[in-house]
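2 protein chains.
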Amino acid sequence: MAGSEHVLKAIGVVRSPVLDPVDEGWGTIESHIVVEPELRAGLRGLEEFSHVLVVALLHGARFEAERHLVRRPRGLAEMPEIGIFAQRAKDRPNPIGITVCPIVRVDDVGVTVTGLDAIDGTPILDLKPYFPVFDTAPNARTPEWVDRLMLGYF
Amino acid sequence: MAGSEHVLKAIGVVRSPVLDPVDEGWGTIESHIVVEPELRAGLRGLEEFSHVLVVALLHGARFEAERHLVRRPRGLAEMPEIGIFAQRAKDRPNPIGITVCPIVRVDDVGVTVTGLDAIDGTPILDLKPYFPVFDTAPNARTPEWVDRLMLGYF
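These protein sequence lines map, in sequence, to chains A and B. Following our numbering, the numbering of the first sequence begins with 382 at its first residue and continues without gaps. Following our numbering, the numbering of the second sequence begins with 382 at its first residue and continues without gaps.
Keep in mind that a hint or two might mislead.
[Stated by the list, open to error] Output of the computed footprint for chain B on chain A, the stretches with three or more beta carbons under 8 Å from beta carbons of chain B: (1) 387-400; (2) 418-424; (3) 463-470.
If you're looking for bench data, these hints aren't it; they were derived computationally from the structure. The C-beta atom is built at its ideal place from N, Cα and C for all residues, glycine as well.
With the hints as constraints, model all of the structure from the sequences given.
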């Protein structure tokens, strides 16, 4: 089963005022995720949740092992040299982004969210309701560099 | 951009004592995620985190719109009829599973975790460190059926 291949089809697309990737300031961005017409019935009941897990395919990312497998987050000298599976950088073997977004509203064609760190045109692979009992790790620990890195992201 | 297609390649595979899907009791299961040899350097630094977000491709799932687009969670009569994007069922348009798992240890070939709700042989698409500032929604609200459904899952 060495690196089995799988074809996934986008279930929707992001409409965002952000046209080019940025490293910070995503928190106030409002995006509309437009779901494919034949799947829109699948949104029913999502409006009863406050947050949605957005699974995006970061189509602009390019993973090159020699540059991205081990690197300093955002290339910053004050960050440690760590592996791609220990950081959230977008240039990953599979450029999947996972973001917990507050739901602004659910309408007939999709869902409006804030804080989605994905540019206009990003394909969406899945939407999942945020279940605190499942998705929150109350006692999670991180190395100290994480706090320094994430200052200003939202 | 209607339903664009994307080819993803597994970065690893699950080794678990669970050989067939079950609906509950995942919490104590210990699984080993074996990473592809050429990507193992990407694990460096993951051991400093307490939790990892495991992105799995639930290869046994089959989505059929007429059965799964709108349904009662687990087919239970006491659950509401809701869309697939408002529930965590595995039979989704893209059968991606996302689970927050406590890390037991990181070794030279992969990572051992508990609570991974994926059977033996499940392809893994990505591993991400759990960042509380990013992944925790402290004030998340859910409809009341969620608590009833998740009782006993872990």
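Okay, the hints, checked on the actual structure:
{"no.": "1", "hint": "387-400", "result": "holds (count 7)"}
{"no.": "2", "hint": "418-424", "result": "holds (count 5)"}
{"no.": "3", "hint": "463-470", "result": "holds (count 7)"}
When the structure is compared with the earlier hints, no violation turns up for any of them.
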